[in-house]
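**Student:** If you're matching positions, the sequence shown starts at 1 in the working numbering and goes up one per residue.
Rather than coming from a laboratory, the hints here were simulated on the basis of the structure.
Backbone N, C-alpha and C fix where the C-beta goes; we use that ideal spot for every residue, glycine too.
Certain hints may be false.
[Claimed, not checked] With a Cα cut of at most 20 angstroms, we get these calculated SDA-like pairs of lysine to any residue:
id	residue 1	residue 2
1	Lys25	Arg185
2	Lys204	Arg155
3	Lys25	Ala179
4	Lys204	Arg162
5	Lys243	Gly114
6	Lys243	Val257
7	Lys25	Phe110
8	Lys243	Thr309
9	Lys204	Val253
10	Lys243	Asp196
11	Lys36	Gly114
12	Lys25	Ala182
13	Lys25	Ala10
14	Lys36	Glu63
15	Lys204	Arg271
16	Lys25	Ala61
17	Lys25	Cys65
18	Lys25	Gly66
19	Lys25	Asp41
20	Lys25	Leu267
21	Lys243	Glu258
22	Lys204	Ile191
23	Lys25	Gly49
24	Lys204	Met146
25	Lys243	Arg232
26	Lys204	Leu267
27	Lys25	Arg162
28	Lys243	Glu254
29	Lys36	Glu52
30	Lys243	Asp256
31	Lys204	Glu193
32	Lys36	Arg219
33	Lys25	Ala247
[Stated by the list, open to error] Cβ-Cβ distance ranges computed for the label pairs, FRET-style:
id	residue 1	residue 2	range
34	Gly171	Ala236	27 to 37 angstroms
35	Gly171	Pro151	35 to 45 angstroms
36	Leu313	Ala182	38 to 48 angstroms
37	Gly301	Ser46	45 to 55 angstroms
38	Glu63	Arg40	39 to 49 angstroms
39	His315	Ser127	14 to 24 angstroms
40	Pro151	Pro252	39 to 49 angstroms
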Amino acid sequence: MRIAVVGAGAIGGAIAHALAFAGLKPILVARGETAKAIARDGLHVSRDGRLERSRPEVVEATEGCGPCDVIIGTAKAHDWAGLAGVIQPLVGPRTSVLPAINGIPWWYFFGRSGAHRDARLATLDPSGTLTSAFAPANLVGCVVYMAASRPAPGRIDWPTGRRLILGPVSGDCVADVPAIAATLRIAGLEIEESIDIRRDVWMKLLGNAGFNSVSALTRTTVVEILDDPALRAICADTVRELKAVAAAAGTPVEVDVEERLEAARRLGHFRTSTLQDIEAGRPLETAALLDAPAEIGAMSGVVTPVLDTLARLLHRASARRAGA
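Construct the complete structure from the given sequences, taking the supplied hints into account.
**Tutor:** Structure follows, in structure tokens:
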């Protein structure tokens, strides 16, 4: 398979390294100083107690690269509209596009039965750019369980987590998901083939929405949140709201609230991606983690006061950091 990884941040760098280290020769689409650093020195990744080096093919411009079999897009949800033009030259009729993103994806209602079939989520795709750019048949949902950080361009710390959950977005999906899964397993990634990718999206979000938001607002790790009764209660209320929204939207998630919270303890003193983003001055994933599930709640008749409050606080924190 000809595989392109779009984005050379923590997750994109880790996936590209795993593929290259296994000899699968991925194309890594990167920009600016990151592209230059990787082209010059390769990727340096710390995993399993070892420092490894790989040299994936790095490109900044995708025109002329031709179609790929698989594109793994690791940009944050809010960056996808800007990358649509970069990804398009890599897409052919049977290309599988895997948006490896946190939170609710813009494609959530594509090909979905029910009252909101093919509805566009305004919080994620306000101009319709993504809806126009990517056909549902080419999309494969991808839920990521990887803990990685990027201390410098081309340098990745990857202490734990290799799991990706893959599943078709629509019934007319052209992707051969088992073949993609088999190829990614060669790279040492732990691939689960989903029978209901939307349920898996919600299951991940039950942890992400609360922990990521609270950690960014309070500068705390996951374990510190779990051990603080007040912060833990906020995360528990977030899980309850998300379960209500998921059920109303047709995908009930039967999981105990406290068990879902405690499942995050295995991450230890992990600094969530949103905490890393706010400390680094990067844009936050507030739309995908909070605004979009609240939008689905409004569409489904479910009020979401906790999600709304966390979103307002994060938006304000972002605006204050930007000097607004």
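**Student:** Which numbered conditions among the earlier hints are violated in the structure presented, ordered from lowest to highest?
**Tutor:** 2, 7, 11, 20, 23, 32, 33 and 38
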